[in-house]
Amino acid sequence: QKEVEQNSGPLSVPEGAIASLNCTYSDRGSQSFFWYRQYSGKSPELIMFIYSNGDKEDGRFTAQLNKASQYVSLLIRDSQPSDSATYLCAVKEGSARQLTFGSGTQLTVLP
Amino acid sequence: DVKVTQSSRYLVKRTGEKVFLECVQDMDHENMFWYRQDPGLGLRLIYFSYDVKMKEKGDIPEGYSVSREKKERFSLILESASTNQTSMYLCASSSPDGSPRGYTFGSGTRLTVV
Chain A
1 QKEVEQNSGP
11 LSVPEGAIAS
21 LNCTYSDRGS
31 QSFFWYRQYS
41 GKSPELIMFI
51 YSNGDKEDGR
61 FTAQLNKASQ
71 YVSLLIRDSQ
81 PSDSATYLCA
91 VKEGSARQLT
101 FGSGTQLTVL
111 P
Chain B
1 DVKVTQSSRY
11 LVKRTGEKVF
21 LECVQDMDHE
31 NMFWYRQDPG
41 LGLRLIYFSY
51 DVKMKEKGDI
61 PEGYSVSREK
71 KERFSLILES
81 ASTNQTSMYL
91 CASSSPDGSP
101 RGYTFGSGTR
111 LTVV
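Protein sequence lines, in the order shown, are assigned to chains A and B. Okay, so the first sequence: first residue is 1 according to my numbering, each after it adds one. Okay, so the second sequence: first residue is 1 according to my numbering, each after it adds one.
Some clues are possibly wrong.
[Unchecked claim] Simulated pairs of lysine to aspartate or glutamate, EDC-like, Cα-Cα distance not exceeding 20 angstroms:
1) A/Lys42 x A/Asp83
2) A/Lys42 x B/Asp28
3) B/Lys55 x B/Glu30
4) B/Lys71 x B/Asp28
5) A/Lys67 x A/Asp55
6) B/Lys55 x B/Asp38
7) A/Lys67 x A/Glu57
8) B/Lys53 x B/Asp38
9) A/Lys2 x B/Glu56
10) A/Lys67 x A/Glu93
11) A/Lys42 x B/Glu79
12) A/Lys2 x B/Asp59
13) B/Lys70 x B/Glu22
14) B/Lys70 x B/Glu56
15) B/Lys57 x A/Glu93
16) B/Lys53 x B/Asp28
17) B/Lys3 x A/Glu45
18) B/Lys53 x B/Glu69
19) B/Lys57 x A/Asp27
20) B/Lys70 x B/Asp59
21) B/Lys57 x A/Glu3
22) A/Lys2 x B/Asp38
23) A/Lys56 x A/Glu45
24) B/Lys18 x B/Glu30
25) A/Lys67 x A/Glu15
26) B/Lys55 x A/Glu93
27) B/Lys53 x B/Glu22
28) B/Lys13 x B/Glu79
29) B/Lys18 x B/Asp51
30) B/Lys57 x B/Asp26
31) B/Lys70 x B/Asp38
32) A/Lys2 x B/Glu62
33) A/Lys56 x A/Asp83
Source of the hints: derived by calculation from the structure; they are not laboratory data.
Input sequences plus hints: build the corresponding full structure.
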């Protein structure tokens, strides 16, 4: 069975620091990688996606992908208390329609 | 704004009841999905559908069935609800090209089986 592993946390960082969230996946056929943010009691919302090895930046967020190591990460620079949420990593095999999710990492940004 | 609407935000049902969870999307998406979310387990795929009357099992289909009679509506059915089906249920839809921006979630249904 395809697996997506995340450190469940909780991860606490002070306001203004860099938060680093990590994810590993088992299926080498995975082609697309996604980071979702989920606030307590809300549904997940997409914040980043990445297809190619390397870094992809969007504002304070950077996604990093290393397919050889089957590893994807999310960096949040200048963390804010409003970034406190659970972050879900999801992967999609090339031909698949569905996403496989990790269990999520709970992030708390301390004021 | 695109929408995936789940009919109920909270439901309480008794063990053995037949339960219907409804999901409707207004984006003309071919793909629709049902996930359940439990603490520490993340989102697990129950069933998905890529066309009207078509369905495929996900990772945890046992105890569930689905129905897709119209493109915009995808129903999850618990034939005989059990307490271990107490969970948050999330519906999602996506466009056929797999565009990540098209993977949209509903607001969820928190089901409690007593």
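Is the hinted pair B/Lys70 and B/Glu56 satisfied, with a Cα-Cα distance of at most 20 angstroms? The given pair, whose Cα atoms are some 16 angstroms apart, holds under the 20 angstroms limit.
Between the alpha carbons of A/Lys56 and A/Asp83, is the straight-line distance 20 angstroms or under? Holds, at roughly 19 angstroms.
Is the Cα-Cα distance between B/Lys70 and B/Asp38 20 angstroms or less? Distance of about 29 angstroms is beyond 20 angstroms: violated.
So if I understand the rule, the pair passes when the alpha-carbon distance is 20 angstroms or less; does A/Lys42 with A/Asp83 pass? 14 angstroms, holds
Are B/Lys53 and B/Glu22 close enough, with their CA atoms no more than 20 angstroms apart? Holds, at roughly 15 angstroms.
Pair hint outcome, A/Lys67 versus A/Glu57 [Cα-Cα no greater than 20 angstroms]: Distance of about 18 angstroms is within 20 angstroms: holds.
Given hint A/Asp55 paired with A/Lys67 - CA-CA distance at most 20 angstroms: 12 angstroms, holds
Holds or violated: A/Lys2 with B/Asp38, Cα cutoff 20 angstroms? 18 angstroms, holds
Quickly compare the C-alpha distance for B/Lys71 and B/Asp28 to 20 angstroms and report which way the hint goes. Cα-Cα ~7 angstroms, so holds.
20 angstroms Cα cutoff - pair B/Lys55, B/Asp38: 23 angstroms, violated
Straight-line alpha-carbon gap B/Lys57 to A/Glu3, limit 20 angstroms: 17 angstroms, holds
Verify the proposed pairing of A/Lys2 with B/Glu62, using a straight-line Cα cut of 20 angstroms. Status holds; Cα separation ~18 angstroms.
Going through the hint list in order, the structure does not satisfy hints 2, 6, 8, 11, 20, 24, 25, 29, 30, 31.
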